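J.: Chain by chain, the residues run as shown.
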Amino acid sequence: MERQSKVKSLEEAIQVIKDGATIAMTATHYNSVPMAAVRQIIRQGSKKLTVIPTPSAGLAIDLLIAAGSLEICYVSYVGLEFLGLAPNFRRAVESHSLKIFDVDEPTIIMGFKAAAAGIPFIPLPPYYKLTDFPRVNPLYREITDPFTGKVAYAVPPLRPEVAIIHVQQCDPFGNARQLGGDHTESLIAKAADHVIITTEEIIPVEQIMSDPLRTTIPGILVDSVVKLPYGAHPGACPARYNYDEEHLKRYASLAREEQTGKYIEEFVFAPKDHFEYLEKIGARRLLELKIS
Amino acid sequence: MERQSKVKSLEEAIQVIKDGATIAMTATHYNSVPMAAVRQIIRQGSKKLTVIPTPSAGLAIDLLIAAGSLEICYVSYVGLEFLGLAPNFRRAVESHSLKIFDVDEPTIIMGFKAAAAGIPFIPLPPYYKLTDFPRVNPLYREITDPFTGKVAYAVPPLRPEVAIIHVQQCDPFGNARQLGGDHTESLIAKAADHVIITTEEIIPVEQIMSDPLRTTIPGILVDSVVKLPYGAHPGACPARYNYDEEHLKRYASLAREEQTGKYIEEFVFAPKDHFEYLEKIGARRLLELKIS
Amino acid sequence: MEVAACGYSTAELMAVVLSRELRDGEFGALGAASQIPMAAVKLAKLTHAPNLSWLCGGSGAINSKLPTLLQSAADYRNLFGAEYRTSMEDVVDMEMRGRVHFACLGGMQIDQYGNSNMVCVGDYHNPTVRGPGTVGLIFTAAFGRVYIYLHHHNPQILVEKVDFISGPGFYDGSRMRDEFVNKNAKGPCMVLTPLAVFDFDEISRKMRLCSVHPGCTVEQVLAKTGFRPLLKEPITQTQAPTEEELALLRTQVDPEGVLRQLIP
Amino acid sequence: MEVAACGYSTAELMAVVLSRELRDGEFGALGAASQIPMAAVKLAKLTHAPNLSWLCGGSGAINSKLPTLLQSAADYRNLFGAEYRTSMEDVVDMEMRGRVHFACLGGMQIDQYGNSNMVCVGDYHNPTVRGPGTVGLIFTAAFGRVYIYLHHHNPQILVEKVDFISGPGFYDGSRMRDEFVNKNAKGPCMVLTPLAVFDFDEISRKMRLCSVHPGCTVEQVLAKTGFRPLLKEPITQTQAPTEEELALLRTQVDPEGVLRQLIP
Numbered sequence: 001m002e003r004q005s006k007v008k009s010l011e012e013a014i015q016v017i018k019d020g021a022t023i024a025m026t027a028t029h030y031n032s033v034p035m036a037a038v039r040q041i042i043r044q045g046s047k048k049l050t051v052i053p054t055p056s057a058g059l060a061i062d063l064l065i066a067a068g069s070l071e072i073c074y075v076s077y078v079g080l081e082f083l084g085l086a087p088n089f090r091r092a093v094e095s096h097s098l099k100i101f102d103v104d105e106p107t108i109i110m111g112f113k114a115a116a117a118g119i120p121f122i123p124l125p126p127y128y129k130l131t132d133f134p135r136v137n138p139l140y141r142e143i144t145d146p147f148t149g150k151v152a153y154a155v156p157p158l159r160p161e162v163a164i165i166h167v168q169q170c171d172p173f174g175n176a177r178q179l180g181g182d183h184t185e186s187l188i189a190k191a192a193d194h195v196i197i198t199t200e201e202i203i204p205v206e207q208i209m210s211d212p213l214r215t216t217i218p219g220i221l222v223d224s225v226v227k228l229p230y231g232a233h234p235g236a237c238p239a240r241y242n243y244d245e246e247h248l249k250r251y252a253s254l255a256r257e258e259q260t261g262k263y264i265e266e267f268v269f270a271p272k273d274h275f276e277y278l279e280k281i282g283a284r285r286l287l288e289l290k291i292s
Numbered sequence: 001m002e003r004q005s006k007v008k009s010l011e012e013a014i015q016v017i018k019d020g021a022t023i024a025m026t027a028t029h030y031n032s033v034p035m036a037a038v039r040q041i042i043r044q045g046s047k048k049l050t051v052i053p054t055p056s057a058g059l060a061i062d063l064l065i066a067a068g069s070l071e072i073c074y075v076s077y078v079g080l081e082f083l084g085l086a087p088n089f090r091r092a093v094e095s096h097s098l099k100i101f102d103v104d105e106p107t108i109i110m111g112f113k114a115a116a117a118g119i120p121f122i123p124l125p126p127y128y129k130l131t132d133f134p135r136v137n138p139l140y141r142e143i144t145d146p147f148t149g150k151v152a153y154a155v156p157p158l159r160p161e162v163a164i165i166h167v168q169q170c171d172p173f174g175n176a177r178q179l180g181g182d183h184t185e186s187l188i189a190k191a192a193d194h195v196i197i198t199t200e201e202i203i204p205v206e207q208i209m210s211d212p213l214r215t216t217i218p219g220i221l222v223d224s225v226v227k228l229p230y231g232a233h234p235g236a237c238p239a240r241y242n243y244d245e246e247h248l249k250r251y252a253s254l255a256r257e258e259q260t261g262k263y264i265e266e267f268v269f270a271p272k273d274h275f276e277y278l279e280k281i282g283a284r285r286l287l288e289l290k291i292s
Numbered sequence: 001m002e003v004a005a006c007g008y009s010t011a012e013l014m015a016v017v018l019s020r021e022l023r024d025g026e027f028g029a030l031g032a033a034s035q036i037p038m039a040a041v042k043l044a045k046l047t048h049a050p051n052l053s054w055l056c057g058g059s060g061a062i063n064s065k066l067p068t069l070l071q072s073a074a075d076y077r078n079l080f081g082a083e084y085r086t087s088m089e090d091v092v093d094m095e096m097r098g099r100v101h102f103a104c105l106g107g108m109q110i111d112q113y114g115n116s117n118m119v120c121v122g123d124y125h126n127p128t129v130r131g132p133g134t135v136g137l138i139f140t141a142a143f144g145r146v147y148i149y150l151h152h153h154n155p156q157i158l159v160e161k162v163d164f165i166s167g168p169g170f171y172d173g174s175r176m177r178d179e180f181v182n183k184n185a186k187g188p189c190m191v192l193t194p195l196a197v198f199d200f201d202e203i204s205r206k207m208r209l210c211s212v213h214p215g216c217t218v219e220q221v222l223a224k225t226g227f228r229p230l231l232k233e234p235i236t237q238t239q240a241p242t243e244e245e246l247a248l249l250r251t252q253v254d255p256e257g258v259l260r261q262l263i264p
Numbered sequence: 001m002e003v004a005a006c007g008y009s010t011a012e013l014m015a016v017v018l019s020r021e022l023r024d025g026e027f028g029a030l031g032a033a034s035q036i037p038m039a040a041v042k043l044a045k046l047t048h049a050p051n052l053s054w055l056c057g058g059s060g061a062i063n064s065k066l067p068t069l070l071q072s073a074a075d076y077r078n079l080f081g082a083e084y085r086t087s088m089e090d091v092v093d094m095e096m097r098g099r100v101h102f103a104c105l106g107g108m109q110i111d112q113y114g115n116s117n118m119v120c121v122g123d124y125h126n127p128t129v130r131g132p133g134t135v136g137l138i139f140t141a142a143f144g145r146v147y148i149y150l151h152h153h154n155p156q157i158l159v160e161k162v163d164f165i166s167g168p169g170f171y172d173g174s175r176m177r178d179e180f181v182n183k184n185a186k187g188p189c190m191v192l193t194p195l196a197v198f199d200f201d202e203i204s205r206k207m208r209l210c211s212v213h214p215g216c217t218v219e220q221v222l223a224k225t226g227f228r229p230l231l232k233e234p235i236t237q238t239q240a241p242t243e244e245e246l247a248l249l250r251t252q253v254d255p256e257g258v259l260r261q262l263i264p
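Chains as they are written, first to last, in this note's numbering: chain A, 1 to 292; chain B, 1 to 292; chain C, 1 to 264; chain D, 1 to 264.
Calculated from the structure, these hints are not laboratory results.
As the structure is a prediction and not an experimental result, all values here were calculated from the model.
Just so it is clear, CB atoms sit at the ideal spot from N, CA and C, and this is done for glycine as well.
Each hint should be verified, as a subset may be incorrect.
To be verified - Some residues of chain C that are not near chain B, with every Cβ distance over 10 angstroms (derived): (1) 51; (2) 219; (3) 233.
Claimed, not checked - In the SDA-like style, the derived pairs of lysine to any residue whose C-alpha atoms are separated by at most 25 angstroms in a straight line are: (4) 150/A with 173/D; (5) 183/C with 141/B; (6) 227/A with 22/A; (7) 8/A with 50/C.
All chains, please: the whole structure from these sequences, using the hints.
T.: Okay, here's the thing in structure tokens:
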């Protein structure tokens with residue numbers, strides 16, 4: 001008997017995301033955002049998703065909001081970093097068309113960790129008392145530390161149904177190597193029920209076996225592997241290519257002018273798949289971004 | 001101005017451990033146990049220590065008990081693995097001369113994680129109700145999950161004052177690379193207030209800088225770096241040398257016969273330092289254990 | 001049982017019996033003193049379960065390819081050809097959350113409900129024997145299925161009631177257990193000893209003798225068991241290793257013959 | 001302030017002022033949009049603080065040696081020559097537990113008690129401006145000292161009371177804060193703007209104007225501040241960069257002149 005490969009087409013892998021699902025995906029600002037997968041979520045017409053973004057997110061969330069895919073968003077940071085506020089996020093919250101849970105970096109990280117560990121909840125330090133989080137977000141529950149009698153704040157585990165993680169290298173069985181910064185790639189894999197890896201490159205399992213300490217996500221957590229070179233464009237894929245600043249500025253400018261629909265038409269719906277998208281960006285541009 | 005090295009002599013580094021201190025040290029069975037540091041703790045005459053061993057410990061704990069250094073021991077597993085029960089531990093508990101807290105692997109790991117994160121306590125799943133831990137250990141407190149109303153068990157953070165960690169490579173500023181299995185080396189560094197690294201080899205910071213992803217313990221957590229080739233003997237140092245089975249069997253046999261004092265006299269007090277210890281073991285034996 | 005007498009050793013038989021139980025596509029965890037289950041998973045991967053993945057105890061290795069059975073699962077040499085090095089934190093997370101489909105473990109005492117004890121024999125506060133401690137036995141409440149294997153079969157190990165519950169099996173046999181364990185934790189499903197194979201009755205949740213190994217009798221087993229197990233009708237003889245199983249075991253899994261020396 | 005007028009830019013002045021505050025042997029954390037604090041730590045390491053270590057925001061780099069100031073602290077290129085790659089989990093752990101001696105951060109609103117807000121302008125449920133969110137500002141209750149730096153100085157940013165407390169400064173000025181923050185968290189100690197330098201009064205815990213930058217007047221600063229700050233007597237002129245500071249800054253820290261373009 002032969003070991004089964006987990007390699008799938010993007011379309012097949014993303015189909016697992018049903019309307020109403022709770023998802024998470026990698027991102028620290030413009031690093032390792034699985035943008036090709038996000039475009040496919042929009043292309044397949046997903047609706048009413050709940051997204052638990054990593055602590056510093058923006059581009060993918062803003063696009064999903066503009067496409068009408070989101071119902072609920074957890075918010076630690078949703079912005080465009082050096083390009084300013086995320087325009088569609090801002091408008092959606094100001095116009096009450098998106099339900100949000102205001103959280104923050106430790107709440108998301110510790111919530112993912114609680115889900116990864118299967119513990120009932122996670123207690124956060126007393127100093128949340130000095131903020132407005134407990135006032136606006138019912139997920140923060142004031143509790144008493146049974147050992148000291150001091151106040152603490154309980155938050156529930158954050159357990160996405162599906163996590164999408166972009167990496168540089170992965171074998172056919174889901175053993176992934178994530179280079180560059182460690183932006184919750186392995187954490188959300190551990191927190192989620194179903195894991196989709198999108199990867200710049202598929203490497204043989206023998207390469208993984210030659211240096212198991214380099215594997216950052218074990219295949220046992222992974223359900224699908226999708227080969228997507230430049231799958232993080234217009235964001236950066238650490239150690240592979242930089243972010244496409246010109247493209248990002250164009251996005252930000254269209255978004256500010258309430259023209260995100262045009263962007264989506266041109267870059268999501270017009271290309272029928274990721275490779276048509278790459279053709280549209282053009283080989284010259286892609287190679288300019290590449291790190292040699 | 002020049003950056004200051006953290007390299008110290010073993011004697012100087014271990015002096016920070018005062019009588020009554022709470023300590024932790026690396027070990028998964030015979031892997032990466034900082035045995036040279038343990039011998040120095042005995043040599044300097046430490047008393048009334050509390051030890052929070054990693055989940056699968058034995059050799060170091062049994063020796064510290066025989067030397068009269070311990071007052072309190074947290075117990076997940078204290079044994080000699082393929083060599084059976086830890087004789088001094090067994091006798092000490094059966095004769096009530098050692099205070100113990102019966103815990104287990106998740107309690108220790110999650111307790112260290114709670115200390116590393118600075119959170120007030122950690123809730124464990126309801127199934128502790130089905131065990132005898134809450135009955136015998138007051139550190140387990142039955143609480144109610146504020147989200148579901150179900151039972152859960154709170155345990156406090158486990159925060160050692162001093163952690164001793166044996167690694168293969170470390171730079172003078174405490175940036176350490178731990179090869180082989182990941183046996184809580186980085187976790188106890190994060191949990192502790194003071195960290196002593198004992199290392200087979202000191203490497204230049206430039207080597208660390210050439211591949212920061214290989215660093216497993218950051219220098220910011222580290223207070224002392226001690227160069228100790230074969231510092232884990234008679235245990236193994238992964239990727240450097242195997243455990244000394246003959247020596248371990250001799251220890252186990254003396255310990256069973258209530259002759260550990262003889263062992264301590266011969267291998268701890270007679271050699272005035274680690275290098276005299278190594279001379280006693282002999283170059284031939286050390287090189288037999290070495291992995292080429 | 002001598003190898004000479006029947007062509008295979010007791011440990012080889014136990015490894016083969018266990019390997020047949022393991023299912024393709026699952027993820028299993030082994031603890032210390034794991035030569036038998038280690039051989040079982042390696043054999044299962046070669047026969048019917050190529051998609052089985054396994055954690056080699058304290059080494060942290062997932063899917064070790066080391067072509068020998070070391071006496072310590074924690075030995076870092078098990079990282080040879082592995083696909084991932086799990087940290088202890090990862091191991092706790094995966095086991096506690098219930099990601100592990102099956103685990104193989106032992107104990108100082110196992111009782112008729114499959115509860116296990118590694119803490120003490122006798123009263124906790126005045127033990128006759130102080131054991132090493134529980135390590136990860138709590139996760140018998142979180143693993144999908146639990147295989148208990150023992151290197152010895154005697155009334156001191158197989159007891160009516162454990163003196164300390166380290167790892168909950170079916171607790172007192174009541175349904176109370178189900179309220180507290182992880183959703184998919186089905187509890188102990190097999191007890192494998194040098195003499196026999198047991199499972200657990202679905203209704204009473206008590207241990208039940210299923211088969212005795214070639215050369216053993218039901219009477220011998222009952223005499224060496226510290227309680228009266230249920231008897232599955234009919235009690236069969238444990239199926240001996242096939243030639244193919246034995247050949248794979250000896251050429252690819254255990255070329256050094258560790259299993260032939262393991263249980264005297 | 002034009003570089004031409006006085007030989008250095010506002011951002012260069014701010015970086016130098018901040019660098020003088022940083023102490024040897026400490027561990028500091030920077031967030032996003034960090035060119036000024038990044039320059040400050042790099043300069044401090046070259047002048048008086050060789051044992052200072054620092055975390056370069058989302059990149060996870062500790063002690064990055066990248067010889068340029070990128071617009072994103074999260075840019076993985078900051079890992080160049082670093083000594084460790086911190087994971088996000090590590091960052092949260094170290095910050096929450098209070099291992100970070102100082103942090104440099106900004107905000108959409110900062111109030112007279114040094115509370116910071118990145119969530120909303122106006123009522124939370126009907127905001128005039130919805131901000132991006134709080135990220136790690138909570139840790140102002142856990143960092144040893146907090147340096148607030150702003151690229152703009154105006155009454156919309158420096159307000160009497162923030163509309164949402166993301167990061168607690170001295171809260172309402174009462175001692176209540178001290179009960180809830182980490183033991184060693186001394187709170188905000190400096191607010192650095194393109195016009196002036198503030199600290200906080202020890203008794204009232206209100207923001208206090210200490211110095212105005214060369215070319216600015218106290219009146220200008222007060223007119224652009226949304227509340228009446230305390231005034232430290234005497235208010236001095238911010239000490240300009242020395243020739244040595246400026247030379248190090250331009251040759252080793254910011255050879256591409258990012259700080260000369262940063263604040264118009």
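J.: Are residue 150/A and residue 173/D close enough, with their CA atoms no more than 25 angstroms apart?
T.: 22 angstroms, holds
J.: Would you check whether the claim that residue 51/C is not at the interface survives, using Cβ distances to chain B and the 10 angstroms cut-off?
T.: 24 angstroms, holds
J.: Does the no-contact call for residue 233/C survive, Cβ to all of chain B over 10 angstroms?
T.: Correct as stated: the minimum Cβ-Cβ distance to chain B is 31 angstroms, above 10 angstroms.
J.: Holds or violated: are the alpha carbons of residue 227/A and residue 22/A at most 25 angstroms from each other?
T.: Holds, because 23 angstroms separates the two Cα atoms, which is no more than 25 angstroms.
J.: Far enough from chain B: is every CB of that chain over 10 angstroms from the CB of residue 219/C?
T.: Holds, since 31 angstroms exceeds 10 angstroms.
J.: Given the hinted pair residue 183/C and residue 141/B, is their Cα-Cα distance within 25 angstroms?
T.: 23 angstroms, holds
J.: Holds or violated: residue 8/A and residue 50/C, Cα atoms, limit 25 angstroms.
T.: This hinted pair holds, its Cα atoms lying about 19 angstroms apart.
When each numbered hint is compared with the structure, no violation occurs for any of them.
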